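Student: Chains as they are written, first to last, in this note's numbering: chain A, 863 to 974; chain B, 4 to 122.
Please keep in mind that the hints were generated in silico from the structure rather than gathered at the bench.
Keep in mind that this is a model prediction, so the values were computed, not measured.
A couple of the hints might just be wrong.
Stated by the list, open to error - Derived Cβ-Cβ restraints for the label pairs, each shown as a range: (1) A:923 x B:6: 20 to 28 Å; (2) B:56 x A:929: 27 to 35 Å; (3) B:63 x A:915: 35 to 43 Å.
Stated by the list, open to error - So the derived list for chain B, only partly shown, Cβ under 7 Å to chain A, looks like this: (4) 45; (5) 46; (6) 47; (7) 50; (8) 94; (9) 108; (10) 109; (11) 112; (12) 113; (13) 115; (14) 117.
Glycine residues also receive a C-beta, built at the ideal position from the N, C-alpha and C atoms.
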Amino acid sequence: DAGVTQSPTHLIKTRGQHVTLRCSPISGHKSVSWYQQVLGQGPQFIFQYYEKEERGRGNFPDRFSARQFPNYSSELNVNALLLGDSALYLCASRGGANTEAFFGQGTRLTVV
Amino acid sequence: AQKVTQAQTEISVVEKEDVTLDCVYETRDTTYYLFWYKQPPSGELVFLIRRNSFDEQNEISGRYSWNFQKSTSSFNFTITASQVVDSAVYFCALSGMEAHGGATNKLIFGTGTLLAVQP
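Construct the entire structure; sequences and hints are all you get.
Tutor: Encoded structure:
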């Protein structure tokens, strides 16, 4: 089975632009979470979606939004990009409440 | 508030040495989960272990072992006879516990420890 897949792997955007990052969970996993990892730091929780509903949100501005589709894939959208949004964005999926979170390899976003 | 502290930013050892990565956590929850993840240069976080707050038994898995002590709020990770392939950033993380016993989806990560194993 394929693991969590994220696209694109790398992305360069200009300040003020908008970006969409995509995540496909492991087959059968209904829960998807997004994390931001700034260089030299640990990942920070952004969102969690389960069955297409937002179940949790971290301390991020409204410029960050996400959604989950009927096939459980997910998109993370960031508007009005700032230089400080440059980071590795990680997606994780879970198969159930008492199971582990499996992470994708992330999308490395650079804002110039 | 929940917090995870990994005071060791970088550790360098020579192959076959034992190494311990420290993790100290803070939480007001009486029930919680603790985790260790490995992040190789590829970026993917690889799950190593999950431990719930009810179970203070130490765990050993091959060359890896974990020491959970609630009295000191620590969950340390030891690699015995380190190998070059162990070189990575290691993260300790904390999550709450759902009413039904599973971990919540919000993981609180420490800042990580970069382990470099020299041949």
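Student: For each hint, tell me whether it holds in the structure or not.
Tutor: Right, here's what the structure says about each hint:
| no. | hint | verdict |
| --- | --- | --- |
| 1 | A:923 x B:6: 20 to 28 Å | 22 Å, holds |
| 2 | B:56 x A:929: 27 to 35 Å | 34 Å, holds |
| 3 | B:63 x A:915: 35 to 43 Å | 40 Å, holds |
| 4 | 45 | 6 Å, holds |
| 5 | 46 | 5 Å, holds |
| 6 | 47 | 4 Å, holds |
| 7 | 50 | 5 Å, holds |
| 8 | 94 | 5 Å, holds |
| 9 | 108 | 4 Å, holds |
| 10 | 109 | 5 Å, holds |
| 11 | 112 | 3 Å, holds |
| 12 | 113 | 5 Å, holds |
| 13 | 115 | 5 Å, holds |
| 14 | 117 | 9 Å, violated |
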